[in-house]
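Asker: One letter stands for each residue in the lines below.
There are 2 protein chains.
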Amino acid sequence: MKSCFLYIFLMASLCLKAENGYELWMRYVRVQNPVLLKQYQSALKYYAIQTTSATLSVAKNELLKGIEGLTGNRINETQGTENNSIIAGTPASSAFIKRFLDAGNYHPGKEGYIIQSEKTGSKSRIVIAADNDIGVLYGVFAFLRLLQTEQNIHDLFIESSPKIQYRILNHWDNLNRTVERGYAGASIWNWHTLPDYIDQRYIDYARANASVGINGTVLTNVNANSLTLTAPYLQKVKALADVFRPYGIKVFLTAKFSAPEEIGGLKTADPLNAEVKNWWRQKCNEIYALIPDFGGFLIKANSEGQPGPQGYGRTHADGANLFADALAPHGGIVMWRAFVYDVRVQNTNEHFGEGHQEATGNAIAAEDRFKQAYDEFKPLDGKFRKNVLLQVKNGPIDFQPREPFSPLFGAMPQTPLMMEFQLTQEYLGQGTHLVYEAPLFKECLDADTYAKGSGSAVARVIDGSLNDHPVTGIAGVANIGNDINWTGHPFGQANWYAFGRLAWDYHLSSAQVAEEWLRQTFSNNKIFIAAAQKIMLASREAVVNYMTPLGLHHIMGTGHHYGPAPWVDNAGRADWNPVYYHKADAAGIGFDRTAAGSNALAQYQPEVQKQWNNRSTCDEKYLLWFHHVPWSFKMNTGRSLWDELCYKYNAGVDSVRWMREQWNRLNAYVDAERFTSIKLLLGIQEKEAVWWRNACLLYFQTFSKMAIPSKYEQPDKTLTYYKSLKFLYAPGIGGNL
Amino acid sequence: MKSCFLYIFLMASLCLKAENGYELWMRYVRVQNPVLLKQYQSALKYYAIQTTSATLSVAKNELLKGIEGLTGNRINETQGTENNSIIAGTPASSAFIKRFLDAGNYHPGKEGYIIQSEKTGSKSRIVIAADNDIGVLYGVFAFLRLLQTEQNIHDLFIESSPKIQYRILNHWDNLNRTVERGYAGASIWNWHTLPDYIDQRYIDYARANASVGINGTVLTNVNANSLTLTAPYLQKVKALADVFRPYGIKVFLTAKFSAPEEIGGLKTADPLNAEVKNWWRQKCNEIYALIPDFGGFLIKANSEGQPGPQGYGRTHADGANLFADALAPHGGIVMWRAFVYDVRVQNTNEHFGEGHQEATGNAIAAEDRFKQAYDEFKPLDGKFRKNVLLQVKNGPIDFQPREPFSPLFGAMPQTPLMMEFQLTQEYLGQGTHLVYEAPLFKECLDADTYAKGSGSAVARVIDGSLNDHPVTGIAGVANIGNDINWTGHPFGQANWYAFGRLAWDYHLSSAQVAEEWLRQTFSNNKIFIAAAQKIMLASREAVVNYMTPLGLHHIMGTGHHYGPAPWVDNAGRADWNPVYYHKADAAGIGFDRTAAGSNALAQYQPEVQKQWNNRSTCDEKYLLWFHHVPWSFKMNTGRSLWDELCYKYNAGVDSVRWMREQWNRLNAYVDAERFTSIKLLLGIQEKEAVWWRNACLLYFQTFSKMAIPSKYEQPDKTLTYYKSLKFLYAPGIGGNL
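Those protein sequence lines, which keep their order, are chains A and B.
Per our numbering, the first sequence starts with residue 42, numbered consecutively.
Per our numbering, the second sequence starts with residue 42, numbered consecutively.
Please note that the accuracy of each hint is not assured.
One copy or two, either will do: identical chains are not told apart, so a pair holds if it fits within one copy or between any two.
[Said to hold, decoys possible] Subject to a maximum C-alpha distance of 25 Å in a straight line, what follows is the list of computed DSS-like cross-link-like pairs (lysine-lysine): (1) K279 to K291; (2) K483 to K279; (3) K164 to K318; (4) K427 to K662; (5) K308 to K164; (6) K575 to K291; (7) K764 to K139; (8) K277 to K728; (9) K767 to K277; (10) K767 to K728; (11) K79 to K139; (12) K575 to K419; (13) K764 to K106.
Since the hints were derived computationally from the structure, they do not count as laboratory data.
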């Protein structure tokens, strides 16, 4: 047995080596619980999967790889259906599965699956059944999740299918491999070596997405590059589509509205021009000849310098329908982004892109940016083709730590609305802060629009049930880069995971998803899970508190959005300035969006307005989103607004300190490399939380003229110091990585 | 035993998982040879290392990690010196080692070590002894190399010390994490998260360098950024220096000559100005206060748009001595680059940097660029301070597949010359071609300058022995990025490895180094080694043949240097144009550098001139470097020059096809992931070799008017097609990754 112990030891050492995060939540390491291990080993002795398609082949390989890693069993194939076997397939691939589905009159649906323990006489089997091959793959991943999270697999009966049809990652990746708002290294798409070089990462990316039910990916930045649609790049896109296809993932591209002029040699890109229509039709034919299941286009038009139909005197509907008509014959869709604001400025440098503010001298007064998406699109409701989805960011401004839901969700019954969440933490500490976003996603999805009275949650708008839309979608702006662990911060993986799981089933709770992810990614140890889950669930409120408590928003550093800069007032547009959003003055702070102010509140249903339009009854989470409030205003806690602001900023810092302490107790449960990485990152997060608190309180104090109560830690640096900080190479913007 | 087999299987599966190349040549996987495994296991039961310093601690950890991985032995510490123990240390750390060195009257020297089998009575031990801690670490890595390459460890007697003092990597890494001429992803230096976040990569980078004896690293691009020298960045540099210190690696920076104006607020950077001198003195004091063992500066001045002393009417010596005087009190050195040419053009965009050519309209006629470094620096011999090294690229132009050695190596006896090799394959197929560079390095180091008569090899200039220089150095421009496997192409690791090994001992043969690397990186299987070594040793001549045979040079694509573009004639400077270098016309092809031409040959010693100045006797490898030769010229083979050119280009393609066939036979010996990766890359290499051959022959044919002999594969595309290719996002230039 001595040599055996050597192997054990060696195995352990290799395990440690392997723990660099690359394997995400698909580590398939040996089950630790001895009772369950025995159960799994005895229940999983044979398998039967007819690999009649590429999808069924990858399903089989994943199942065997998972079972081998988790149980040590190298299980044998069986033609028949031996005792202790696992049988997976569709009616088309397996007569057994056909009988099974018919007998139970089961209809898993387009992507759904059934996992069931099945006993006939002495034989006990596990069945993974689906109507289509992709359902089998999803079922296999769901089954492996049971083992990875150490669930009992006796008497299984699981039936699952996705609530939303298109579950898509949006990559803001540029052709030069920089990633706009990316904080995890370079783009994983190596355009130079495609199509001939297939990086193992492309395959593992597809596996990771399929494991959580993500079924689409937009490869390129919404600040688009026409070259993407030229022949050499379409060959590269085809190579990726071929890799992703077996995993049920469709490829989408961003289309630049001006492409017909830039690469088509036309004199216009007017969406009503016959030549332009024809050019896009031909372009779609060219794409579908290479990629028969191409998903369609995501388009950012007439926003932040991107060209669009309004440049030709046309509407967003004219623009979207141009693409819709070209894609329709092939079954493609258009995802038209509602993130547009005042098009009077067209000179934005696209390099600085999404949500950018840059000092370019004289500001142009703009309407309340909060209102612009609604004002642009509400009148167009009903004017879009059937294969157009309007992609709306969760909030009215831009991925802030907390936003009220966008009023559009309650305002366009005739148009399928697609949710756009952001996984990359542009305004949430970027690559170095632990912020678990599921609570943010849920807060928006659960919010009631009252569009059809009480119970008209945003989720029911997105899943099409509220207004009977057959086409539905949800998008997450990816936080993926070529860092070894994919997301830079190890906990960034949880946001990728949570997006996929909630896109499949938004009824899952943040706590459930966090536990699932922790068990698969780190350990099934109960002490570890309890502590790490608490950290995750506390993290989102922490970042709200140390960055933008009580409804403050968009007071981040100019352009790169890194760190606090509430003092900035010289950006190129009024609504690029933090001062525009907090409106702090001697009288108070906050943006009056009541009828007395910009009246943005009027864009919501009356019941929603009621929640927010009175500063005395308004949920304090949203207070400064809708009201300009005196510094001495008495809050629910009895504190003045100023004292409450001091309290919240300090509470945010305290939470991060608590997160650090909690994490530092967990070293026994996590491999050294990932433990240390997270420990160091929490150190940065604390430092930056203090920076946020001090900079913001010192600045707002110049208006409130009130003291920071002595019971709180006092700023150790001056406002002048914080204002002096410059970050020329902050990542995620203008070619910086 | 069943469970034992499960462990074995599981271990194997984990092994495969781990084989993504991240671990480089330090995999420490189980020794396969059962006889040697037994030998190692019985000889390595105990260890004795007093960890009286950080360096000895990492030496101990590396030794234990290595022995455990390679043999499975978890060996025990011994205070005494049991039988079958390994004892490592210095006279200061170990009385045993002191006695051992005294008894043998051994003097390993500053960085050297001794590895010796030592028997007293019944006790048999292995001793790793050094005068200094770093020697112990080098000895530990050398000992682990013996085990990794499956050498007998009975009766060891190894004494080794480096021939060259400064063995340095040059990173052309920018602060935004793009890497100039980098083809392996982004910079591994994450400036944004430094100094608080220490990536595991920084530690593994230090381990890898120490394992091959590299003892210095220049962190930043020679096209320098003054911000590097500001306080926040110096804190980041200090954090890296602290990580590297235990591994004997000193940190260096590039200094921008104009920094006193850009960040110092001075009105000039004139090297003779007192304020400027003082500014640099203060800056050095500031740096050394943070990094007591800071190495010094690498400086590119008055070259390709970089500012320099000539901008102030001063000489390169004035410039270099400015820094030398500021560094001298702290023991730092200046590495002043000799890569300079015609400074009449100062408007180059530094973004496009090293070796760049860009179409900017009217070309400026320049002197033969071949001659310029010599003309600039020869007159300055003897005018540099003692702590200045002149860093000279191996060839007179710019890292071409083959260049004659730079004439400077034979021309500056009073100045210590430092070799600059390029590991990153800017002109050698970049990230996708398998090109083992050791033969290129050796060809240059072995070349005889005849500076002091026969036997004055370049190596003896570099190691200081020819002209008795106490300070010596060699630099390699790094091919490292944040790709998981560090170098993009798995065989790129071999060039990093070979540079280190040859910098330590240039007497090693290319074949030896290749075998060492293959054994550690892939397998000790003899069939595998024989085949893979053949591929490596053939690869450099292959790339010469399919890119630039017979002495052709610098006919690569404009700016990005990707692919062939011998037709380019519109670059901003005459000597940025390929046509300037090949001078093809109806009469023939090649650059006449004899007395009848530019007379660059006169820069060499007479004996060297004799080798090359007669086109009938000139080594045909260098023919077109020095002669304009008629198309019909009769070559040694009896072929005409044109036919020989056709033969060579086809021979290059054939070699790559042979390399592919050879590799495809080796799948049984390599894990699937790395095997497939290399297989795909060889496919790209063949495609691009054909591209090179066809494009060059079709273009040169427009002058030769001769047919490509029918026995050769005929081009399948037209010259117009090849000329039409554009690569806007070729990696390694202008912010592209």
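Asker: Decide, hint by hint, whether the structure agrees.
Answerer: Outcome of the hint check:
| no. | hint | in the structure |
| --- | --- | --- |
| 1 | K279 to K291 | within (11 Å within a copy, 47 Å between copies) |
| 2 | K483 to K279 | neither (35 Å within a copy, 43 Å between copies) |
| 3 | K164 to K318 | neither (62 Å within a copy, 88 Å between copies) |
| 4 | K427 to K662 | neither (37 Å within a copy, 67 Å between copies) |
| 5 | K308 to K164 | neither (71 Å within a copy, 89 Å between copies) |
| 6 | K575 to K291 | neither (36 Å within a copy, 43 Å between copies) |
| 7 | K764 to K139 | neither (68 Å within a copy, 59 Å between copies) |
| 8 | K277 to K728 | between (43 Å within a copy, 16 Å between copies) |
| 9 | K767 to K277 | between (39 Å within a copy, 15 Å between copies) |
| 10 | K767 to K728 | within (17 Å within a copy, 47 Å between copies) |
| 11 | K79 to K139 | neither (31 Å within a copy, 57 Å between copies) |
| 12 | K575 to K419 | neither (41 Å within a copy, 69 Å between copies) |
| 13 | K764 to K106 | neither (54 Å within a copy, 48 Å between copies) |
In this structure, the earlier hints numbered 2, 3, 4, 5, 6, 7, 11, 12 and 13 are contradicted, and the remaining ones agree with it.
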